[in-house]
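Protein chains in written order, with this note's numbering: chain A, 114 to 412; chain B, 72 to 388.
Bear in mind the hints are in silico, worked out from the structure with no lab data behind them.
Because the structure is a prediction, the values reported are computed rather than measured.
Please note that the accuracy of each hint is not assured.
Unchecked claim - In silico lysine to any residue, SDA-like type, Cα no more than 25 Å apart, as pairs: (1) B:K199 / A:A157; (2) A:K261 / B:A342; (3) B:K196 / A:L396; (4) B:K199 / A:A241; (5) B:K227 / B:G321; (6) A:K261 / B:V129; (7) A:K261 / A:F352; (8) B:K199 / A:G150; (9) B:K196 / B:G207; (10) A:K261 / A:F358; (11) A:K224 / B:F375; (12) B:K227 / B:V237; (13) A:K224 / A:Q237; (14) B:K199 / A:I164; (15) A:K224 / A:S295; (16) B:K199 / A:N398; (17) B:K199 / B:V288; (18) B:K151 / B:A162; (19) B:K196 / A:G150; (20) B:K151 / B:T350; (21) B:K199 / B:Q268; (22) B:K227 / A:G167; (23) B:K227 / B:R330; (24) B:K196 / B:P177; (25) B:K199 / A:F141; (26) B:K227 / A:Q376; (27) B:K199 / A:L147; (28) B:K196 / A:R405; (29) B:K199 / A:V388; (30) A:K261 / B:I122; (31) B:K227 / A:L156; (32) B:K196 / A:L144.
Claimed, not checked - Restraint ranges, calculated between C-beta atoms of paired labels, are given here: (33) B:I371 / A:E287: 22 to 28 Å; (34) A:L260 / B:A147: 30 to 36 Å; (35) A:L156 / B:A108: 40 to 46 Å; (36) A:V400 / B:G351: 43 to 49 Å; (37) A:S312 / B:I126: 39 to 45 Å; (38) A:P259 / B:R378: 32 to 38 Å; (39) A:K261 / B:G354: 16 to 22 Å; (40) A:L298 / B:V129: 51 to 57 Å.
Think of the CB as a built atom: it goes at the ideal place given N, C-alpha and C, for glycine as much as any other residue.
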Amino acid sequence: MTAPPRPVARPDRGIRAARRLDPREAGFQGLLLLSFGLGVVVLAVLLIQVIVQGWPRLNLDLFRRFPSSLPSRAGAQSAIFGTLWVIGFTALFTVPLGVAAGIYLEEYADKQRWYNRLVELNIQNLAAVPSIIYGILGLGFIVRGPLKFGFVVISAALTLTLLILPTVILASREAIRAVPMSIRLASLALGATKWQTVSRQVLPSAVPGIATGIILALSRAIGEAAPLVLLGGLTFITFNPTGAFSPFTVMPIQIFNYIERPQSEYRVVAAAMIVVLLAILLLMNSVAIWLRNRFRQEW
Amino acid sequence: MTHTTTQRRGGATAAGTSLRRSRPRYGERLIVAFLFAAAFLSVLVTAGIVISLAIPTVDFFRTVNIGHFLTGRSWAPLFKPPSFGVLPLVAATIVVTLVAMLVAVPAGLGAATYLSEYASRRFRKVFKPVLEVLAGIPTVVYGFFALTFVTPLIQKIWPFGAPPDVYNMLSAGLVMGVMILPTVASLSEDAMNAVPQALRAGAFALGSTRRQVTTRVVFPAALSGIVSACVLGISRAVGETMIVLIAAGGTPRFTFDPRQGAQTMTAFIAAAGFGDQPTGSTGYKTIFAVGSLLFVLTFIMNIFSIRLVRRYREVYE
Numbered sequence: 114m115t116a117p118p119r120p121v122a123r124p125d126r127g128i129r130a131a132r133r134l135d136p137r138e139a140g141f142q143g144l145l146l147l148s149f150g151l152g153v154v155v156l157a158v159l160l161i162q163v164i165v166q167g168w169p170r171l172n173l174d175l176f177r178r179f180p181s182s183l184p185s186r187a188g189a190q191s192a193i194f195g196t197l198w199v200i201g202f203t204a205l206f207t208v209p210l211g212v213a214a215g216i217y218l219e220e221y222a223d224k225q226r227w228y229n230r231l232v233e234l235n236i237q238n239l240a241a242v243p244s245i246i247y248g249i250l251g252l253g254f255i256v257r258g259p260l261k262f263g264f265v266v267i268s269a270a271l272t273l274t275l276l277i278l279p280t281v282i283l284a285s286r287e288a289i290r291a292v293p294m295s296i297r298l299a300s301l302a303l304g305a306t307k308w309q310t311v312s313r314q315v316l317p318s319a320v321p322g323i324a325t326g327i328i329l330a331l332s333r334a335i336g337e338a339a340p341l342v343l344l345g346g347l348t349f350i351t352f353n354p355t356g357a358f359s360p361f362t363v364m365p366i367q368i369f370n371y372i373e374r375p376q377s378e379y380r381v382v383a384a385a386m387i388v389v390l391l392a393i394l395l396l397m398n399s400v401a402i403w404l405r406n407r408f409r410q411e412w
Numbered sequence: 072m073t074h075t076t077t078q079r080r081g082g083a084t085a086a087g088t089s090l091r092r093s094r095p096r097y098g099e100r101l102i103v104a105f106l107f108a109a110a111f112l113s114v115l116v117t118a119g120i121v122i123s124l125a126i127p128t129v130d131f132f133r134t135v136n137i138g139h140f141l142t143g144r145s146w147a148p149l150f151k152p153p154s155f156g157v158l159p160l161v162a163a164t165i166v167v168t169l170v171a172m173l174v175a176v177p178a179g180l181g182a183a184t185y186l187s188e189y190a191s192r193r194f195r196k197v198f199k200p201v202l203e204v205l206a207g208i209p210t211v212v213y214g215f216f217a218l219t220f221v222t223p224l225i226q227k228i229w230p231f232g233a234p235p236d237v238y239n240m241l242s243a244g245l246v247m248g249v250m251i252l253p254t255v256a257s258l259s260e261d262a263m264n265a266v267p268q269a270l271r272a273g274a275f276a277l278g279s280t281r282r283q284v285t286t287r288v289v290f291p292a293a294l295s296g297i298v299s300a301c302v303l304g305i306s307r308a309v310g311e312t313m314i315v316l317i318a319a320g321g322t323p324r325f326t327f328d329p330r331q332g333a334q335t336m337t338a339f340i341a342a343a344g345f346g347d348q349p350t351g352s353t354g355y356k357t358i359f360a361v362g363s364l365l366f367v368l369t370f371i372m373n374i375f376s377i378r379l380v381r382r383y384r385e386v387y388e
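Okay, chain A solo, but in the shape it has when bound (with noise of 0.2 Å):
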């Protein structure tokens, strides 16, 4: 994660403090900083500003109603089902089919061969394509189209996974490559074939990679809004969605929705609902950061 330690960082000390009062290298390292401070100072900005903004609804009431065409009675509760259940297909999908295209690409693909290029080439596109082409692909194939979905609970997992799963392939890959080649050669001289050697020794071992990769990506798909606005989200559900082809409403698209109400007693039930998507976005962001550093293993 963080850099190599630069060893001329410390041999020049003595010399920084005699150059301090140059002006042009002082104002030169403020301007850095400054550029830096913009950063933070923004992010303080924004977080004091929604907290302020959300206090009066941040209670009880909001996880408790639902949307209401009367602000004052506005609630989440449906987005907020509606986020666990869209999140929990995505990783029941994006969880086996990212590993194992990681454990491919790192494991058995002979690098040589011009389609183990294509895909990683494309995989890489794949994860700088903007969220919106995801969704046009969803409405054209899963909503519409062949799969004729409409707009429900699946077919925003389905879309969502699409979405995250290079990043969970890239995030799989570097942990598979984190673990050492001699723990594959011992295995492999023990006898074991090459697919225990990859279930029993790699993939255990890089589990606590792979799943602070996944966990990022999954935040990732749980502020995600854009595409699930094309696909059709923007509906008005009073309720809770009660299984795979039920429809749904979720977090981000409940808070665009009320953004965009005229009333402007929605804007603090939307920044209410942003602390709440923050706070869970914050929880899952330790998760990761924890999970890095408690099972990291220094090999």
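On the provided structure of chain A, position chain B as indicated by the hints.
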């Protein structure tokens, strides 16, 4: 493919080959086939994207002249008679992207330089995650921030002439710049970290100051990585949807004035989800025509960026 890998491994474990020949492991082959299928799925996804975009787009250009689409200055697909000139959407996309890059490139580069060349390890450990958090905030939240905080702020402190509208491209672009900042920063920091330490040490030994080392040695050496980071940033700005949808308004308008609101390509596509367009209508197909344009633009930038990164990697590894 399985065969070659087996042979290579067989060579490594001496007696392996003969064992395998007498009793081929079908189970293992089945597993490899499944793993390959999972990896190959990504190619199918790309094919799916291209097909789902291409078919309605070709259909669309049967009814609408492609020359009119690319050069027309009026976008009114739902009017009667409709007008399908995409330039207003492109212009809005360019304006928002420009504003975003004016924030993201200098600030992102500055932050990357500070982290890579100046910051102590402790500073880096504490503050680098801030950029990661910034990158993890959902775009709908940024949109809310632009509309309810940045726009009123700009309107209040606007120093000259008419202040920006409630929906304007300026605040959408500014906030988008902050959103892209981590992308630009982390990729260019990677590029600067890849510059060999010997180059810095050599320049220091010749009496350069830290600023001189940074601007005259590290920047030029990391340039292709930095450019690639910026191109990827532009690609993300062009493809970003929720911020512009919320803060830049939903009216297509051919203007380069950032104080006004205008609809970008992405915002148009997303907004098409509001109304229930019947499948197969020209209105429905416009989503795919604009989507194709967006996909081609970002695809070119992504490939360019991936190529650049590969090239600079070859130099130092």
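Verification of the supplied hints:
1. Note on B:K199 and A:A157: the hinted pairing holds, with a Cα-Cα distance of about 15 Å set against a maximum of 25 Å.
2. Our distance criterion of 25 Å between C-alpha atoms is met by A:K261 and B:A342, whose separation comes to about 21 Å.
3. As the CA atoms of B:K196 and A:L396 are separated by approximately 19 Å, the hinted pair is consistent with the 25 Å bound.
4. Distance hint between B:K199 and A:A241 is fulfilled; the C-alpha atoms sit about 23 Å from each other, no more than 25 Å.
5. For the given pair, B:K227 sits about 23 Å from B:G321 by alpha-carbon distance, which is consistent with the 25 Å threshold.
6. The straight-line distance between the Cα atoms of A:K261 and B:V129 is roughly 22 Å, inside the 25 Å bound, and the hint therefore holds.
7. Annotation: proposed proximity of A:K261 to A:F352 holds, straight-line Cα distance about 22 Å (limit 25 Å).
8. Our distance criterion of 25 Å between C-alpha atoms is met by B:K199 and A:G150, whose separation comes to about 11 Å.
9. Annotation: proposed proximity of B:K196 to B:G207 holds, straight-line Cα distance about 18 Å (limit 25 Å).
10. With a C-alpha separation of about 11 Å, the suggested pair A:K261 and A:F358 falls inside the 25 Å cut-off, and the hint holds.
11. Pair hint A:K224 plus B:F375 holds up; C-alpha atoms about 21 Å apart against a cutoff of 25 Å.
12. As the CA atoms of B:K227 and B:V237 are separated by approximately 12 Å, the hinted pair is consistent with the 25 Å bound.
13. For the proposed pair A:K224 and A:Q237, the alpha carbon gap of about 15 Å is at most 25 Å, so the pair holds.
14. Restraint check for B:K199 and A:I164: the C-alpha separation of about 24 Å stays at or below 25 Å, so the hint holds.
15. Between A:K224 and A:S295 the CA atoms are separated by roughly 21 Å; this keeps the pair inside 25 Å, and the hint holds.
16. For the hint linking B:K199 to A:N398, the alpha-carbon distance of about 14 Å falls within 25 Å, and the restraint holds.
17. Restraint check: the Cα-Cα separation between B:K199 and B:V288 comes to about 24 Å, which is no more than 25 Å; the hinted pair holds.
18. In summary, the hint linking B:K151 to B:A162 is supported, as the alpha carbons are separated by about 23 Å, within the 25 Å threshold.
19. For the hint linking B:K196 to A:G150, the alpha-carbon distance of about 15 Å falls within 25 Å, and the restraint holds.
20. Among the hinted pairs, B:K151 with B:T350 is consistent with the structure: their alpha-carbon atoms are about 19 Å apart, no more than 25 Å.
21. With a CA separation close to 21 Å, the supplied pair B:K199 and B:Q268 stays within the 25 Å bound.
22. Between B:K227 and A:G167, the direct Cα distance comes to roughly 22 Å. Compliance with the 25 Å bound is thereby established for this hinted pair.
23. For the hint linking B:K227 to B:R330, the alpha-carbon distance of about 13 Å falls within 25 Å, and the restraint holds.
24. For the proposed pair B:K196 and B:P177, the alpha carbon gap of about 22 Å is at most 25 Å, so the pair holds.
25. Our distance criterion of 25 Å between C-alpha atoms is met by B:K199 and A:F141, whose separation comes to about 20 Å.
26. Distance hint between B:K227 and A:Q376 is fulfilled; the C-alpha atoms sit about 22 Å from each other, no more than 25 Å.
27. Restraint check for B:K199 and A:L147: the C-alpha separation of about 15 Å stays at or below 25 Å, so the hint holds.
28. Taking the CA atoms of B:K196 and A:R405, the gap is about 15 Å. The hint holds against a cut of 25 Å.
29. Pair hint B:K199 plus A:V388 holds up; C-alpha atoms about 23 Å apart against a cutoff of 25 Å.
30. The suggested pairing of A:K261 with B:I122 holds, with an alpha-carbon distance near 17 Å, which does not exceed 25 Å.
31. A threshold of 25 Å between alpha carbons decides the hint, and for B:K227 with A:L156 the separation of about 21 Å falls inside it, so the pair holds.
32. A hinted pair counts as satisfied when its Cα atoms are at most 25 Å apart, and B:K196 with A:L144 qualifies at roughly 21 Å.
33. Judged by the Cβ atoms, the range 22 to 28 Å given for B:I371 and A:E287 holds: they are separated by roughly 27 Å.
34. Roughly 32 Å separates the CB atoms of A:L260 and B:A147, a value that falls within the hinted 30 to 36 Å.
35. Judged by the Cβ atoms, the range 40 to 46 Å given for A:L156 and B:A108 holds: they are separated by roughly 42 Å.
36. For the pair A:V400 and B:G351, the supplied restraint of 43 to 49 Å holds, since their beta-carbon distance comes to about 46 Å.
37. Range check, A:S312 to B:I126: Cβ separation about 41 Å, and the 39 to 45 Å hint holds.
38. The hint said 32 to 38 Å for the Cβ distance between A:P259 and B:R378, and at roughly 34 Å that hint holds.
39. For the pair A:K261 and B:G354, the beta carbons lie near 19 Å from each other, so the given range of 16 to 22 Å is met.
40. Restraint check, A:L298 to B:V129: a C-beta distance of roughly 53 Å satisfies the suggested window 51 to 57 Å.
Violated hints are absent here; each numbered hint is respected by the structure.
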